[in-house]
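**Student:** The lines below spell out each chain.
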Amino acid sequence: MEWFESGWGLSLVVFLPLIGALVVLAIPKAEEETQKWTALLFAGASFVLSVLLALRFDFGEAGTLQLGTNVDWITAINSNFHIGIDGISLPLVVLSTFITFLSIIYSWEHWPEPHNPKAFLVLILILATGMAGTFVALDLILFFVFFEVVLLPMYFMIGIWGDRNEVTLPVFNITTQMRLYAAIKFFLFTLFGSAFMLLGFLVLYFKGGRTFDMLELAANGAEGMLGSGLAVWVFAALALGFAVKVPMFPFHTWLPDAHTAAPTVGSVLLAAIMLKLGTYAFVRIAIPILPEQSQNWAPVIAILAVIGIIYASLACLAQTDMKRLIAFSSVGHMGFVMLGIATMTPIGINAAIIGMVAHGVITGLLFFLAGSMSHRYHTREMARLGGNQKLMPIMGAILGFTAMASLGLPGLAGFWGEFMALLAAFSPAAGLSTTLFRTLMVIGAVGTVLAAGYLLWMLQKVNFGDPKDEWAGHEFHDVDIFEKMAWVPLIIAIIAIGVFPRIVFGATNDAVIKLVTSAFGG
Amino acid sequence: MNEIAFLPIAAEILLLGGAVLILMAAVTLNLGPRTWAIIAGTTLGLSFLVAWVQWWRIDDVGSQIHYTGDFLRTPMVVMDYFSVFGGGLVIAAGGIALLGGWRLVGSLEKRGAEYVALVLLAVAGLHIMVISANLILMFIGLETASIALYVVAGFTRDRPDSDEAAIKYFLLGSFASALFLYGIALTYAATGSTSIYGPTGIVAFFAERAITEPGVLLIGIALMIVGLGFKVSAAPFHQWAPDVYQGAPGAAVPLMASGVKIAGFAAMARVLTVAFDASISDWAQVISALAALSVVVGTLFAIAQSDFKRMLAYSGVAHAGFMLTALVAGQSGVPGLWFYLGTYAFQLIGTFIIASIISGAAGGASPLDSYRGLAKRSPVLAGALAVLMLAMGGIPLTAGFVGKVGVFAAAIDAGYLWLAIVGLVSAVAGLFFYLRLIVLAYFNDPDPALADEPITAPRSSRLALAVCVSFTFLFGVLPWPLLNLTSEALPL
Amino acid sequence: MNLILATGFLVSRCEGSRVTLADYLPIGMMLVFGIGFATVIMWLSWRIAPNNPTPEKLAPYECGIVPLQEPVQRFPVKFYIVAMLFVIFDVELVFLFAWAVRFESFGWAGIGAMGIFVILLLETLVYVWKRGALDWNVARRGRNRRIVVDSLEDAA
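Protein chains in written order, with the numbering used here: chain F, 842 to 1363; chain V, 113 to 604; chain H, 21 to 176.
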């Protein structure tokens, strides 16, 4: 297994889906069964390998980057194919291969219109490569490439398979289909952020010792090589790029549209993994390379995060569309993650990572449920739903369970992220204003109450009560086999992480402590 | 230097010979397009081989400046990595563009021979611009290429917009040439030389003394920048581009758009970063202003277009701006410029080939609506279009991204952070209209009247398009072979 | 290649010495003198000549019929083609003159270069001939007729 640990295993995890995409592309369009099995095979292999990696991972040395490799890539600009995982990226890599695998299972019999499974599977697989690649890249250019690779498949997914309802754009007064509007908005927002991120990377390259290597840059950054005058703006540029992806208030407006318009699997992947690319980048790039600036900007990030929490909760209460409500709840959850990061403490960053994983499985499941329900009811209007518990008992039960997990019920996965983020805000890192963070903690705690409020409100509208008259006489098929196969692992993961958070913390804790020590000098 | 060196100008001799042969074959032996194709293909192929031979020759003996015979004291031609790379690029672009538009040749009947010969002459002229070590020779190359292209622009005379394109191109082009020539004259007045290299050249002049009253020189440089700015369609000298691209025969536009840009930028780089390297602080300001203006104007106007070719013309203005962005860094920006130019040229040729497939080789308007639902009518063509559009927009894993990174890196390194910011923001805004094509092609249903009508493309166009797309993709994923070449391709 | 040779030659003639603006002084003086001379002559003829216009003197012709229409008329495009060809060949041949003056110093390279130049001219002549541009009578043009007629119609 020497080869496996010297970077090949990790490369396979990342690139197997891409190879799978090429293979699927080569299969004739009519042979849908073969396409599905091939896609499943490659996604499954990628998932199995990522689990094997986790088993091979040396948890005693979780702080160091392992199982990676570093080979020349673009020598002209000193950019290398440098990959590796540590305790921070390991859970996220596993999460991304896991969710991809489940998405393909779920897709088996649930194809959005227009059908075309071949193209859809190809896009999912490319997406998988981009997402896993972002989590393992240790070179800024490589990171950027993977970061952007994710963009296109999602753009096509929303644009082709998305919501075909007509919308009228507020300012331009153009009537267009939801999918077109959401797709272009998603793309331009993200790319706008990415442009600044790239700018920041380039400045880092020239001022940070002519290298794109994150580890070298982090070493140089900790020594204060970047100075402070320019570094303020470098951090701002990077943070803008990451914040759009997270998305942080006030850059979140693309998210509800994109989620609402995307097909079910698109929403799941978007919520479960793609949002984490931004927060992960904060932890992996912004803090180690620009520690001083991270600290300077931390209050701003924390305030925006808390505004995001409250704003999103209030926005949720105003939604009539179930999917849109879940989308806004994502903004709120990511607010907690950002609050955890902004405290710059080991507890906060640990909270952020477990929050990311938990949000991935919980919100992923919620979007699966929303997708399946709108598939059956042909509407997402919560006013028209209702009595779901009676029509589809199993589906209703799972929805209830997931909503509980989402509102942070202790014992389920969602609890740890929120609780620990608030805990960390009680005593932020030295140098940050305790008063400010404690105030934010209180406001954030109000946010958790609001979250409980809107989720219960949603449950009440959708699940409880008697079915509406319009559904009388309809025969609804409860959860089918593919849905069960996709959802049961998620439910298990939610309970497992909730009861036994060491699954995540065991990997992250050492890595986070090392990161914080090397960035802020103990 | 007792004899004429033929290696540096072998490409010109070959191209000229090829043009003559084609004309003669057509009128005396009455041979058809197949023969022209063989002659043109051989000529261009051999010229490209010559570029390789030149490269190896430089590997052996180093860069050389060439005098033309023992009775001349001033170097006319330079053979360095810069000229060889640029020359090879011009020939490759010319070859692919000719191949992509070969359909036009068949429809022109006997005049097709003239068209092919003119294209070869244009390529020869562009090649002269790249290799010349003397400003007047550079001007002659510019004129040779321009006059050939003026004629090509008006080649489909039965359409009024082709006439309009030719006249517009001719008038504005002549004006630009005149400005360039006037710039040369003023430079001569200031430095006493039109040669760049050699003991009496401009470089030697600047090495010997500092100019205390730079007025005449600065006006000369400015006029040359304006003249070449016209040719590469940098704002605010870009107004001719949309009309010409739209009116000229669709199959001829690829060469007009890409070849002139390559040679124009090569000339600009040679003049500015070598001859006037000493006054970089003066011209870099002008170039940076032009670059910023070009990216902003090009992007904004491109958003407003409803015709594909006009949109490409304005996006070309923006791309010219990106390339100027690399030029502000002086010689250290040349590799970035080359990479951008080399990859952009093929993206441009590819997109114009698609445009000529959709709206006919003879040219004319190509409304964006005709791309509606292209993915359903021809998935392969839509895929090619998507790759090229994304490359032009600078999405990673296409050559466009690597090019943009190189350009902005050069600008930031030279201290022009603001220019990089302007460029990046424009690049993002520019994605809007590249994506619009993808939206039209993939997310919309075709016009019912056209839905069942198959799109036919001749094998020549498909082959050329395949080359362009695979270049774009290949150099996006594995950019280093080209990056290694460009990093060496510095002027002497 | 010839262009390279020719320009190279011209340019190198000029670059023997560093030229400064002061060297243009003779040209400037000549300019001033030329313009001044012309002005003086015209002024003199206007000043000295007696001015006594009568209707007869102002008529285009002092005898004959008064023209009824504009003398400018359209005439066939063939004239333009021939005139254009003449100008092209005429101008190209001027290069021969410059070479002939100094041909000894150019040596064999010059003869070779000029030979290529003349062959190119010849080639152009053959092309023009074969395309039928030299035939005055369109009707007799045989094989190439259609092309020229087409192009004439296009022009019209």
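Honestly, the hints are just simulated from the structure, not real lab data.
Please note that a few of the clues may not be correct.
Simulated DEER-style distance windows between Cβ atoms [claimed, not checked]:
no. : chain 1 : residue 1 : chain 2 : residue 2 : range
1   : F       : Phe900    : V       : Ile567    : 51 to 59 Å
2   : V       : Leu480    : H       : Val111    : 40 to 48 Å
3   : H       : Ala103    : V       : Leu119    : 40 to 48 Å
4   : V       : Asn142    : H       : Val121    : 35 to 43 Å
5   : V       : Ser418    : F       : Pro1091   : 46 to 54 Å
6   : V       : Ala477    : H       : Val146    : 37 to 45 Å
7   : H       : Val111    : V       : Asn596    : 46 to 54 Å
Beta carbons: idealized from backbone N, C-alpha and C, even for Gly.
**Student:** Falls inside 40 to 48 Å, the C-beta gap from Leu480 of chain V to Val111 of chain H?
**Tutor:** Check passed, 46 Å falls within 40 to 48 Å.
**Student:** Go ahead and decide if the range 40 to 48 Å is satisfied by the Cβ distance of Ala103 of chain H to Leu119 of chain V.
**Tutor:** Hint holds: Cβ distance 41 Å, inside 40 to 48 Å.
**Student:** Quick one: are Ser418 of chain V and Pro1091 of chain F within 46 to 54 Å, going by C-beta?
**Tutor:** violated, 33 Å
**Student:** That 37 to 45 Å hint for Ala477 of chain V and Val146 of chain H (C-beta), does it hold up?
**Tutor:** For Ala477 of chain V and Val146 of chain H the Cβ distance comes to about 39 Å; the hint holds.
**Student:** Please check whether Phe900 of chain F and Ile567 of chain V have a Cβ separation lying inside 51 to 59 Å.
**Tutor:** holds, 58 Å
**Student:** Taking the beta carbons of Val111 of chain H and Asn596 of chain V, is their distance inside 46 to 54 Å?
**Tutor:** With Cβ atoms ~47 Å apart, the hint holds.
**Student:** Tell me if the beta carbons of Asn142 of chain V and Val121 of chain H are separated by a distance inside 35 to 43 Å.
**Tutor:** holds, 42 Å
Violation of the numbered hints given earlier is confined to hint 5; every other hint is satisfied by the structure.
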